[in-house]
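K.L.:
Starting from the known structure of chain A, arrange chain B on it as the hints suggest.
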Amino acid sequence: MSVDNPRAREKEFPDVDGAVSKQTWVDRAYELFDNKKIRNSSLLGLAAVVLLIPTFGGNYVMEIFTNAFFYMVLCLGLNIVVGYAGLLDLGYAAFFAVGAYTTGILTAHFGMNFWLTIPFSVLFSAMAGIIIGGPTLRLRSDYLAIVTLGFGEITRITARNLEITGGASGLIGIDRPELFGLRLYQIQHFYYVFFVLVIIAIFVAVRLHHSRLGRAWQYIREDEDAAEAMGIDRVKFKLYAYIIGAVFGGVAGSFFAVKMTAISPQTFLFTQSAMILLAVVLGGMGKIPGMIVGAFVLVIFPEVFRAIGDLRMLFFGVVLLVIMLFRPQGIWPERRS
Amino acid sequence: MSTFDIILQQLINGLLIGSFYSLVALGYSMVYGIIMLLNFAHGDIYMAGAFVAFVMLAVVSPVLGAGWLGIVAAMIASMFLVGLLGVFIQRVAYRPMLGAPRLSILITAIGVSLVLYNSVMAITDGEFQAFTTDLGFAGVDVGSVHITYTQIILVVATAILMISLNWFISKTMYGKAMRAIALDKDACRLMGINVNKIIALTFFVGSSLAAAAGTMAGVYYGSIHFFMGFVIGLKAFTAAVIGGIGSIPGAMIGGLVLGLLEAAGTQLPFIGSEWKDVFAFGLLILLLVFRPTGILGKTEIERM
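Keeping their order, the protein sequence lines are chains A and B.
Going by the working numbering, the residue at position 279 of the first sequence is 279; the numbering climbs one at a time, nothing skipped.
Going by the working numbering, the residue at position 56 of the second sequence is 1056; the numbering climbs one at a time, nothing skipped.
If we strip away everything but chain A, and leave its shape as in the complex, we get (with noise of 0.2 angstroms):
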């Protein structure tokens, strides 16, 4: 196996582009990690680390962590239309903003508990997707993208505009969920409930990848043509893919809403969409460590460089930049044969 000598896979790989490239040490290093008992050793002490944070980090700490988290749970859903299924989405950030519109609306003004909103993100969101989705991908890859991102626009002007996702200012005012009879208010408490979410998130996502659902999404971003003659109906399978990956917006969306306690349209930008797509392809589509990767570069990046201020998204925007130049697989990307 190529696991126990790396070095004898240190031929040319084809990459993403279809063109050769030389496999780096960078791509070596993630080969150990298909050996077994390196990656399970690793992830229980990546696990044991996340987890004991809270009792020597500080609260400015643990706020990166929980933005982190939050970020993941979006960038696994993102990666599920783009890096599986090979769709481009530029308004991501529309089904988040659903889920935290309909946690924010049911708690405030219908006074519901938070936990029973929950189903009900599950369903708008899944509702948006199939909205979004339906009309839409039938179209070439370009058009989907400017009609995701019209969408985007029109979801988030639509809450700015009506009253009972309270206009421009937003909704304020979230209750604070129960769990158990506790009181989730504190960071650390978000810190746990998100880091929770992102391990469903991962096993939801790793499921779906090895099932026949994401046999079919891997082939048709192969192949469509090749797909749909194998009897692979490509309008249906496409069409989950955005469910499900709505549906993963819309919870975090429901989270991320009881965190803040409140939300505005200011949220939901197409910086928004644009910056999780951005962790997406910095880490690598359709490989689920580069979406951790990607999410916490996403966030960490800003933190490390508050110093240059506005100069951030600049900065950004020549990162993105290079790396689609250099290394358009991304961090930790999907290997391909």
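Heads up, a few of these hints could be off.
[To be verified] Derived, one-sided and incomplete: chain B residues facing chain A with beta-carbon distance under 7 angstroms:
hint : residue
1    : 1096
2    : 1103
3    : 1104
4    : 1106
5    : 1108
6    : 1119
7    : 1274
8    : 1278
9    : 1281
10   : 1284
In short, the hints are calculated from the structure, not lab data.
None of the values given here were measured: they were computed from a predicted structure.
Just so it is clear, CB atoms sit at the ideal spot from N, CA and C, and this is done for glycine as well.
P.N.:
Relative to the frame of chain A, chain B by itself:
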């Protein structure tokens, strides 16, 4: 205001906004037609055009004044410089990606867009800049509707630009080469056409037109902002799709149609101007569902 006045007023608004859409849509359509790239940064090129013209106007106004003479000089300078910017972007960001999958190249375009508007944001501190001119509000009155000379001249200027472009594309050798590349790049290489040069030229022309639109928008609205390109980029793409993407007359018609529809849309009951963008995007989605080839687009046969 009588019904006639309202119609006239909205007609003028629609024509003006439509001209800006058309000019930006042309750049989208040309680039898409020639290398199948959806140049996401095109809206930001328009924004850059407005800002370069703003700076140029400040440079030339002591000599030429901030009247039409100064504005035309600033606009031409902006068209030239932003055209070069377009060529530079194409050279640095897009050309190395030409063989890459569509997703990668689209993301590259988003990266370019981020870099462009964030640089302008950093330079201007995110503030609105007042685009002051000496044009005033003189004009003609039709009923109770006041049409300024500025509005008339802007529409005429757009028409002149479009007619020249049409001439350039249909009558010159360069235009012929562009049309040939859109059909078959490899055959063009065999025929001795310098494909890379023509692609660069396409970016130059498209970016210049966007810069012209940006300058005009600055003159018309009186203020410019680093984020002004975002929505118009989306709208111009909508316009290009309405007209049939890849088609030059299509982009012109599409822009005007979208501008007029939008102006009409603001008068519909329940659709105030705050829903204007929703109206435009809704239109785009409906159009893509029912007639994805647009008004003048050709039906595309997917080849295996």
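K.L.:
Tell me if residue 1104 of chain B is really an interface residue toward chain A, meaning its C-beta lies closer than 7 angstroms to one of theirs.
P.N.:
Nearest chain A Cβ about 5 angstroms off; hint holds.
K.L.:
Against chain A, is residue 1281 of chain B within 7 angstroms by beta-carbon distance?
P.N.:
holds (4 angstroms)
K.L.:
Does residue 1106 of chain B hold up as a contact with chain A if the rule is Cβ-Cβ below 7 angstroms?
P.N.:
holds (6 angstroms)
K.L.:
Tell me if the interface restraint on residue 1108 of chain B is satisfied: Cβ within less than 7 angstroms of some Cβ in chain A.
P.N.:
The hint holds - residue 1108 of chain B has a Cβ within 7 angstroms of chain A, the shortest such distance being about 4 angstroms.
K.L.:
Does the closest beta carbon of chain A sit nearer than 7 angstroms to the beta carbon of residue 1096 of chain B?
P.N.:
OK, holds: residue 1096 of chain B within 7 angstroms of chain A, min 6 angstroms.
K.L.:
Next item in the hint list is residue 1103 of chain B. Is there a CB on chain A closer than 7 angstroms to its CB?
P.N.:
Holds - the Cβ of residue 1103 of chain B comes within 7 angstroms of chain A, reaching about 6 angstroms at its closest.
K.L.:
At a threshold of 7 angstroms, is the proposed contact between residue 1278 of chain B and chain A supported by beta-carbon distances?
P.N.:
Since chain A brings a Cβ to about 5 angstroms from residue 1278 of chain B, closer than 7 angstroms, the hint holds.
K.L.:
Does the interface hint hold: is residue 1284 of chain B within less than 7 angstroms of chain A, judged Cβ to Cβ?
P.N.:
Since the shortest Cβ distance to chain A is 6 angstroms, the answer is holds.
K.L.:
Min Cβ distance, residue 1119 of chain B to chain A: is it shorter than 7 angstroms?
P.N.:
holds (6 angstroms)
K.L.:
Tell me if residue 1274 of chain B is really an interface residue toward chain A, meaning its C-beta lies closer than 7 angstroms to one of theirs.
P.N.:
Holds, because the Cβ-Cβ distance from residue 1274 of chain B to chain A comes to roughly 5 angstroms (cut-off 7 angstroms).
Violated hints: none; the structure is consistent with every hint.
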